[in-house]
Amino acid sequence: MRIYISFFLLTVFISIQSQAQKRDTLKKDTSTKQLKEVVITGTRTLKSLQQVPIPITRITAEEIKKKGLVRLNEVLSEQTGITILDDPHGQGIQIQGFDPAYTLILIDGLPLIGRTTGVFELSRITTNNIHRVEIVKGPTSSLYGSEAMAGVVNIITSEPAKGFSGGLSGRYGTNKTVDVSLNSAYKTDKFYISGFANRYSSGGYTLQPSSGIPTVSPFEGYTFNGKTAYRFDDNTSVKLSVRYYTNDQDSRFLVDTRYGAGKGTEKDFNIAPVITHRFSKKDVLVLQLYRSTYKTKSDIRYEDNGEVYDETYFNQTFNRAEIQNDYSLLDNLKITAGAGGQYETVAATRYTKQQSFTSGYGYFQADWIPVKQLDIIAGGRYDAHSVYKSQFSPKLAASYALSPKLTILGSVGKGYKAPDFRQLYLNFTNAEVGYSVFGYEEANAGIKRLQQTGQIETVLIDPSTLKRLNAESSTSFNFGFRYKPADKLYWTANVFRNNISNLIETAAIAIKTNGQSVFSYFNLNKVFTQGIETDLSYQLFKPLQIAGGIQYLEAYDQDVLNQIKAGQVFTKDPETNQTRVLKRSEYGGLLGRSKYTYNVRVNYLDEKTAINASIRAIYRGRYGYKDTDGNGIVNRDDEYTKGYVLVNASLSKLFMNDAIRVQLTAQNLLNYKDSLVILNLPGRLIYAGVAYNFGGK
Amino acid sequence: MNKLTTLSLAFSSSIILLASCSKNNNTPTPVTSKLTTKTVADLDGSAGTVYYSLATGAQITGADTATNKWDIKFKSTSIFVNSGTSGTGTTQAQVVSSSFETLLTAPADGYKADATGANAITGWYTYTATTEPQHAILTVPGKILVIKTSTGSYAKVEILSYYKGNPNTTTATFADLTTRPASKFYTFRFAYQGDGTTSFK
Chain A
43 MRIYISFFLL
53 TVFISIQSQA
63 QKRDTLKKDT
73 STKQLKEVVI
83 TGTRTLKSLQ
93 QVPIPITRIT
103 AEEIKKKGLV
113 RLNEVLSEQT
123 GITILDDPHG
133 QGIQIQGFDP
143 AYTLILIDGL
153 PLIGRTTGVF
163 ELSRITTNNI
173 HRVEIVKGPT
183 SSLYGSEAMA
193 GVVNIITSEP
203 AKGFSGGLSG
213 RYGTNKTVDV
223 SLNSAYKTDK
233 FYISGFANRY
243 SSGGYTLQPS
253 SGIPTVSPFE
263 GYTFNGKTAY
273 RFDDNTSVKL
283 SVRYYTNDQD
293 SRFLVDTRYG
303 AGKGTEKDFN
313 IAPVITHRFS
323 KKDVLVLQLY
333 RSTYKTKSDI
343 RYEDNGEVYD
353 ETYFNQTFNR
363 AEIQNDYSLL
373 DNLKITAGAG
383 GQYETVAATR
393 YTKQQSFTSG
403 YGYFQADWIP
413 VKQLDIIAGG
423 RYDAHSVYKS
433 QFSPKLAASY
443 ALSPKLTILG
453 SVGKGYKAPD
463 FRQLYLNFTN
473 AEVGYSVFGY
483 EEANAGIKRL
493 QQTGQIETVL
503 IDPSTLKRLN
513 AESSTSFNFG
523 FRYKPADKLY
533 WTANVFRNNI
543 SNLIETAAIA
553 IKTNGQSVFS
563 YFNLNKVFTQ
573 GIETDLSYQL
583 FKPLQIAGGI
593 QYLEAYDQDV
603 LNQIKAGQVF
613 TKDPETNQTR
623 VLKRSEYGGL
633 LGRSKYTYNV
643 RVNYLDEKTA
653 INASIRAIYR
663 GRYGYKDTDG
673 NGIVNRDDEY
683 TKGYVLVNAS
693 LSKLFMNDAI
703 RVQLTAQNLL
713 NYKDSLVILN
723 LPGRLIYAGV
733 AYNFGGK
Chain B
8 MNKLTTLSLA
18 FSSSIILLAS
28 CSKNNNTPTP
38 VTSKLTTKTV
48 ADLDGSAGTV
58 YYSLATGAQI
68 TGADTATNKW
78 DIKFKSTSIF
88 VNSGTSGTGT
98 TQAQVVSSSF
108 ETLLTAPADG
118 YKADATGANA
128 ITGWYTYTAT
138 TEPQHAILTV
148 PGKILVIKTS
158 TGSYAKVEIL
168 SYYKGNPNTT
178 TATFADLTTR
188 PASKFYTFRF
198 AYQGDGTTSF
208 K
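Top line first, the protein sequences correspond to chains A and B. In terms of the working numbering, the first sequence is numbered consecutively and its last residue is 739. In terms of the working numbering, the second sequence is numbered consecutively and its last residue is 208.
So that you can see chain A by itself, here it is in the shape it has in the complex (with noise of 0.2 Å):
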């Protein structure tokens, strides 16, 4: 991404998108500008939101600052076809069905690092200097290789205005949370530096107050980003990204009957330097080089005596050094061809010794638009890596505007998601209950270490004839279409299917003798998803806009689906607890997985005043939570959460020639709680906020 924004310093399109929102742009009309925008995830190019031929949404950093929020997993949360998933490890997305672990998740185009269990927690992320966010829907591993399956989401961070800008913006509310953010930054024709602090804190709050256990613990993040650039002629610049993230959180729990706590921390570093030269009007030529660090570390101790309960580390690091060159091959052909390599390591108490991947990839994409109406992109990436099999990754795809108002696309491609470090090279034994989990490298070493200790009963299957570790992946078909009859109205809608194999999942390889399994990793199921997802917004009157998104979404496991068909899958009657065989309508799909999602948006902005008020409902339908009746899958109603309803409110004025803004927010409006399954729903939140920026223009 950060490839495109020095392009941007290069090239004509600077006028397009320079218009840095250092000044509240509250006013603005923006229904009408829809035409001209601009997305750039989706093929790593820069390409107009409406024709491109991949389904995409743009969120701005006006629409974010006019709802009130201030990190990314509040953003997110309120997009059609997006849920947020309740995890013990984190606030993470659901894109299409698929888990957090299949959504890469980028800054300026470069994938952050730190994910527990495949969860990256959103919160990590302000949204208080983004330009705006990007969310491609459906495989895009053909451009960005691993964990592209589900999706993208791009974060975009702002570029600042000329002259000497900057601001401060705070809010505070329930549970004592804070967010306050600082930035400055000064420009000139040739050269700009920017630099952003925030911090975030909460009081964290207990759903269970009798317990004296909190939910969520108190904790205390804080990010810095600084930017700077340099453009030595008309065709050549170099830039410069460093961000910096750390979080100290305190946590106390029940340890049987006594109490552990103690603090755990995580630190989280990027640095990203970037040249861009430009060979000629049709030739540009971006040289990447980035580093990613993520650090935690926890040190729990037992409040009675202050011995240690757990004390772990786990640092992770990711280097990378690409190359890409986009060429105009015709004035309807662009050619976007690019290769790198990465150098990426981990070290963590659960590992036996520090673990390395090396891995090269290369990438090619044509976009050719043969008429006008038609854009057709073509593209595939080759990722070949020292651990797992090489993975190459097509993708194929087509946009044509039927009329001006209407464009419809398709596109089917290829996405994967290589075994982690975890799935590899965990060496993990529980102390209490005793199981231990291997990763597929570790799994003959440590069955010999356990047998040589007198350690296995039995071996269920020999390590050493285990199947190498492939990575998951996907087949995915979208297709859909974008209308526009008028400025008021916009209206997308797709249709997507994912066929997705290789799913790595545990199984157990030997029994100890202590009656404990040992765990690895294989590759074992078939899963589908598909469904409809649409989105329409309409501006009613001037003052007021009306929106809102549905989406249907079905997920199964192909091999649970082939189990009830032969009958082999059953169920309890819960008046007489005999068996019965399970009716295929009765299964209810993967859990965690809503099948009716959707939101109702309305705004309404009095630009005499300049008082927008804005609120939103979104409503998640009931999904399966667990398995009461023992046959692995959820069927019965006693298995399912309860479908609820958040609604979400944000009012606000500017004042002083829009330099100001005031504001309140509301976040869960209704106080829609369910302590015993839904655990990251604290119930309402209130926050009064201020913001004020100057300079820029």
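What the hints contain is simulated information worked out from the structure, not anything from laboratory work. Check the hints yourself; a few may be wrong.
As a list, the in silico BS3-like pairs of lysine-lysine whose alpha-carbon atoms are at most 30 Å apart [claimed, not checked]:
1) B:K119 <-> A:K554
2) A:K625 <-> B:K76
3) B:K45 <-> B:K171
4) B:K208 <-> A:K625
5) A:K607 <-> B:K208
6) A:K625 <-> A:K684
7) A:K78 <-> A:K490
8) A:K526 <-> A:K431
9) A:K490 <-> A:K431
10) A:K668 <-> B:K171
Pairwise CB distance ranges (calculated) [to be verified]:
11) B:K208 <-> A:T500: 34 to 42 Å
12) B:G203 <-> A:E617: 34 to 42 Å
13) B:A122 <-> A:Y355: 41 to 49 Å
For glycine and all other residues, C-beta sits at the position ideal for the given N, C-alpha and C.
Fit chain B to the given chain A structure using the hints.
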């Protein structure tokens, strides 16, 4: 890792109990076949191990528990057959995936005697741990125990409940540990084929 906890707890229960009453609901059996079908309600294992004869459809107590007269015994969450490490008999068993009604013939082979750490009958229940209803033993659907008794007769057994009164386990009353019925009361139904064939018709 809840599942792992579940398994560990499931395999490690070890309280010895004794039995008392059983109630039989006789259903008429066809004349042509010697098939007896019964539902046994609340066989009481709350005081220790409880022994049962599928052939006679009655509980076995006293000195007879040391003989071949019983076929299966219940001890907390474990079910044993009268053979190997569990008894003097030659009863064998296996667990078949089916509904009770649709299992019309006993498998010809695949039967096992009890051995240390490897009972013939496993996997008939799950332990919920901290999932609602918490800390409950729930019977797994589609687990039909097929027993080949010491006399060479076949029987199929479905365990219905581990709690007194065969309660609906999806209710709030059951979820609440203070109102949940007492455990170790076994309700099960079985069909015993007295003619020595594998037919359950």
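Hints and how they fare:
1. B:K119 <-> A:K554: 22 Å, holds
2. A:K625 <-> B:K76: Violated - the C-alpha atoms of K76 (chain B) and K625 (chain A) are around 41 Å apart, more than 30 Å.
3. B:K45 <-> B:K171: 18 Å, holds
4. B:K208 <-> A:K625: 24 Å, holds
5. A:K607 <-> B:K208: 24 Å, holds
6. A:K625 <-> A:K684: 22 Å, holds
7. A:K78 <-> A:K490: Since the Cα atoms of K78 (chain A) and K490 (chain A) sit roughly 63 Å apart, the hinted pair is violated (cutoff 30 Å).
8. A:K526 <-> A:K431: 44 Å, violated
9. A:K490 <-> A:K431: With a Cα-Cα distance of about 26 Å, the restraint between K490 (chain A) and K431 (chain A) holds, given a limit of 30 Å.
10. A:K668 <-> B:K171: Satisfied, since the Cα-Cα distance of roughly 25 Å is no more than 30 Å.
11. B:K208 <-> A:T500: 34 to 42 Å: 38 Å, holds
12. B:G203 <-> A:E617: 34 to 42 Å: 35 Å, holds
13. B:A122 <-> A:Y355: 41 to 49 Å: 44 Å, holds
Checked against the numbered hints given earlier, this structure breaks hints 2, 7, 8; the rest are met.
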